[in-house]
Amino acid sequence: MLEQVAFAVAALLLLSSGLKVVTSKNLVHTVLWLGCMLAATAVLFVLLQAPFLAAIQLILYTGGLLTLMLFGVMLTQRDEGFVTIPNPSQRRVAGGVLAVVAFAVVANAVHNTPSLPNVRSAQLPTAQVGQLFFTQYALAFEVLAVLLLAATLGAIVLSRRADAGVASETPGADVPARRALPDPTAPTTERKEA
Amino acid sequence: MDLSAYLLLSAALFSLGLFGVLTRRNAVSVLASIELMANAANLNLAAFARFRGEATGQVFALFSTAITVAEVVVGLSLVILLYRSRGNVLLENASELKG
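Here the protein sequences line up with chains A and B, keeping their order.
Counting in the numbering used here, the first sequence runs from 550 upward without gaps.
Counting in the numbering used here, the second sequence runs from 551 upward without gaps.
Warning: the hint list may mix true and false statements.
[To be verified] Heads up, incomplete: computed chain A residues facing chain B, CB under 10 angstroms, no partners named:
1. Ala557
2. Leu583
3. Leu593
4. Phe594
5. Leu596
6. Thr662
7. Leu673
8. Pro674
9. Leu697
10. Arg710
Bear in mind the hints are in silico, worked out from the structure with no lab data behind them.
Idealized CB from N, CA, C, for every residue including glycine.
All chains, please: the whole structure from these sequences, using the hints.
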């Protein structure tokens, strides 16, 4: 009984905040509703007896990613008052129809699949998850580490300010090719505004 | 709650994300909508792990969480780059590769 109530509350929160994410006009509100949605997902993970997943969700998404997105919004929207332009209604209708169709297809598939395993099992210990990480999926785990390193380096390279003189003056111009890294002992050259 | 409740919930969440990706014009909003879709997938993985009694689904959900975070990190730096070269992050302005 308690589980049903918790599921209903979390599901309602998830869907309503998801709806706000895709409809809110204010970009900061969008990101904050995204945080609400991610927290509701963490609640559902707890209900699914995946406490480790819930903790990772809260730390990594709601803690890290949300902060990052807020930084992204604040760094790129300062002149426009944090407001996105309203959507053209025609695309909105088309997108809505397509989304409803996608939901109908999946819901139909769920409804018509008889062999869904609905058995309740004993609780999954988190230690088992950890064990799988370092035995059966050890290689994938290492590859993931390399991927994260690549993403970090990629983010650094992409968001480095382009060297002085070329960047950001002319909208529509190609992004200038990166020059060699500046001397780290003289970081002020990098700060120069284009 | 049984498995199909979770599957339907995540299908609804995925559809919301799809709607957002198709209709939002701001690059950051599109990234947020992609987050919705990735979360729906994670929810499915965790639900299957729970109802099949296997930890593998949780392992996969953790992998996909990490990959999604990496994707958003790179995506946001692309957004910042877009802002530097255009002065805004509206996606219809970034159409050089359009045929």
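Okay, the hints, checked on the actual structure:
1. Ala557: holds (9 angstroms)
2. Leu583: holds (5 angstroms)
3. Leu593: holds (6 angstroms)
4. Phe594: holds (6 angstroms)
5. Leu596: With Cβ-Cβ at 7 angstroms, under 10 angstroms, it holds.
6. Thr662: At 9 angstroms from the nearest chain B Cβ, Thr662 (chain A) passes the 10 angstroms test, so the hint holds.
7. Leu673: holds (5 angstroms)
8. Pro674: holds (8 angstroms)
9. Leu697: With Cβ-Cβ at 6 angstroms, under 10 angstroms, it holds.
10. Arg710: holds (8 angstroms)
The structure meets every hint from the earlier list without exception.
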